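**Q** Protein chains in written order, with the numbering used here: chain A, 1 to 380; chain B, 1 to 96.
Hints in this document: simulated from the structure, not taken from any laboratory.
Small disclaimer: the values here were computed from a predicted structure and weren't measured.
Beta carbons are placed, not taken as given, at the ideal position from N, Cα and C, and that holds for glycine.
Hints are all accurate, no fakes.
Far from chain B by the CB rule (all over 12 Å, computed), these chain A residues: (1) L20; (2) D34; (3) S37; (4) R55; (5) R214; (6) A234; (7) P245; (8) E272; (9) P273; (10) D328.
Coverage of chain A stretches by chain B, computed from C-beta distances (three or more under 8 Å per stretch; other residues unrestricted): (11) 155-167; (12) 198-211; (13) 250-261.
Derived contacts from chain B toward chain A, CB cut-off under 7 Å, selection only: (14) L3; (15) G4; (16) V47; (17) F49; (18) R52; (19) E58; (20) A64; (21) L65; (22) D82; (23) S85; (24) A88.
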Amino acid sequence: MAEAAPARLEFRDRDRGRALLDALARWTDDRIDDPVSIMHVCGSHEQAIARFGLRSVLPPGLRVITGPGCPVCVTDAPEIDEAVALAESGIRVATYGDMLRVPGSRSSLADARGEGARVEVVYSVTQAAEMALASPDEPLVFFATGFETTAVATAAVLLRDPPANFSLLTAHKYIPPVMEIVAEMPATRVEGFLAAGHAASITGWGVFEPFVARHGLPVAIGGFEPLDLLAGFAALVERIRTGRPGVDNCFPRMVTREGNRRAQQQLWRVFEPTGGVWRGITRVPNGNLQLRAEWQRFDARQRFAARLERARRIPAPPTRAGECRCGDIMAGIATPADCALFRGACTPALPRGACMVSSEGTCRIWHEYGGADPLAADVA
Amino acid sequence: MCLGVPGRVLEIDGLVARVDFWGVEREVRLDVVDQPVEPGDFVLNHVGFAIRRIPEEEIEQTLALYDELLAELEREDLMAADVRSELAGARPRDDG
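Just chain B, with the same shape it has in the complex (with noise of 0.2 Å):
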């Protein structure tokens, strides 16, 4: 439940960020994240919300884990399950 997932922002519309986690867009809060935030950045993200801005220098160190985490579809594993349920607290983008 803490363990957050990074993504990179696209498009920032006010508050709301349209982030891309390994593909997959989704809308993200920029309510409590305390850095100012543009496209390109990386986030880290709990529960919908953008809790950080990661350092650029940290990035591909950040993204390592959740790499390889979510490149084991083929197996149910349980840390893997949470990065999910991380992305799956990001909202569905509306279309239209």
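One chain only, chain A, in its complex shape (with noise of 0.2 Å):
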């Protein structure tokens, strides 16, 4: 496929970006030699930074850097095995399209389909339920995948009294506690997270006040347009070079201190933090959200164990991707540059790794957008 351009950058207010630019500029002149690295850790910043080519028009003294911000990425291999497992053995699963090529340790859920298991994608929880509905003698498993916000509308269906015959493969992640894994991780080198709009307006901005207190690192709630980025990345800026550490809401549209308490609320009925592995990252202790012990009956692990467990017996040959960097470009250590695979053996028609599956992994947004290659900056 055709790599496409990314969009001229063009501003809604040209003004406001020319200032923002200029601002980051002169705030940053003398940091050319050693740039201040700012990290976000949300999929959907990496495509808005890469679509309009906002790394190109950044002063050299700014380097924006990507964490483990896409879920289908983290998810971990064991995590896939089950989900291949249970459709393997003949349960029909059903989950977010992205989840399909993600590779296990042995095979992914697009091969278990291929070989003639059940695998439904779905675009919503909702429509897996609805699923189990209309085939109430069959079991059908949601395999759960995504952070807090997509988790929120597991919760709420859930609470809705699903059919007997759903059940849930949870691997939802919750991103507070993994950014305090990255910020101590000993390689990665980051002065202050860009934190993800969206799930921002569910957990609220001041759940990253203890972050701050306890690293010394800033954090700024990001949107999704260029003008919102910049902001980000400008009070992130202003803080390091002050030291002044603290939380800014950048996206007070969408993002408030509390949250949406209501949607919390439905989170923490149904599920509870639990430590897990995040796929190249490492175990994060709370990142993982595990179903709560009164809505085991929902629980695929509790209702197949035995499945579960013959699955867990075959051993898992030798990993192929040992090459892919996909766990050092989430851990902000790494570009898609510097991997060999990158466009070479490793593309979105024959992927190595989970960062290339995805429409929110770093090496998907690059090779569609390009990344941080110097295109000509067209600022108007």
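Take each chain as given, in its own frame, and dock them per the hints.
**A** As structure tokens, this is what we get:
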């Protein structure tokens, strides 16, 4: 597939865009040899940054790196293996489309489907519950992935009395705890975090205050317009250079300090945080969401424990993804350009790692839009 | 998966809203949105649920990005495809 060029960067408010870029250049002109390093943790942020070619207009003293912001990419291989095992054992499995081609230890859900397993693509957990309702005599497992924004929908469906043949294989992940881990990774150099706007609309920006106090790093909540992103970068750079860590809400049209309390209540009635592995990163204390004890009747891991146990006894062959640098890319240590497989052995048609599968994976996004290439900046 | 998509509420029946997305009508659940929602309001939707009522003064600015993405139908754009997936997450209307 031909690579699409980044959209021409046109600010809706030119003067404001120009002023933000000028401020960023002024505030980082003493950091050209050692650029200020800001990490975002949202695949949609990477899409917007790459699509609008923002990196090509940022000053040389500022570097924006990618964190673990792609929910599909951080779903751990053993979690994929569980979904594959259930599908291969004859159970109907429904999940979001991006999950199909993500490689597990042995195979993907798409491979299982190719061999006759019933794997359904849905766009919402509601559709999966309706699928179960339409075929009440057979079990249906929804492989539930995504961050807190998406987990809220899963919780809401469980709270609405889903059919008895419906159950969940949960791999939901919770962003705030992984920031704690990435902030302390020895090889990752991050001086401030741009937090995802829509996830923060659920949690509220107040959730990041303890993080700032513990790590002394600023956090800005950012939206998805070029101007929203630049405002977030400017707030972070200002705090970094003056040594005053704090939280800035640069997306006030969507995010409040308290967040969406009603959504939080539903989320925490159904789920509780637990430690879990984020693929390519590490084990993250409180980074996974598991069903609370009172919802275990909807837990596919309980319901189909014997099938999953049998599958676990099959040893996984050595992974062929040895050279894949997806983990380093999600830890802000490498970019796709540093990976020997990128665009050669690894393409959207033949992905070797999860970051090339998902529309929110950095490799897929750079494949589509180009990455940090210094494309002719055409700022209007 | 977290981009969401804004739409205009046409009608409300209990916890279900009929919502207009650029001329496409879909059903969206109101279980998790925490502000009162009325016909005429704009809401941000994710996987079939409204998660936030968009403040009136912010509607134009919020829609602008999506107007641009959805206008590019002739181009296979990754970000636009994610917005279309969000539209598919809202339920088609039951007719009759």
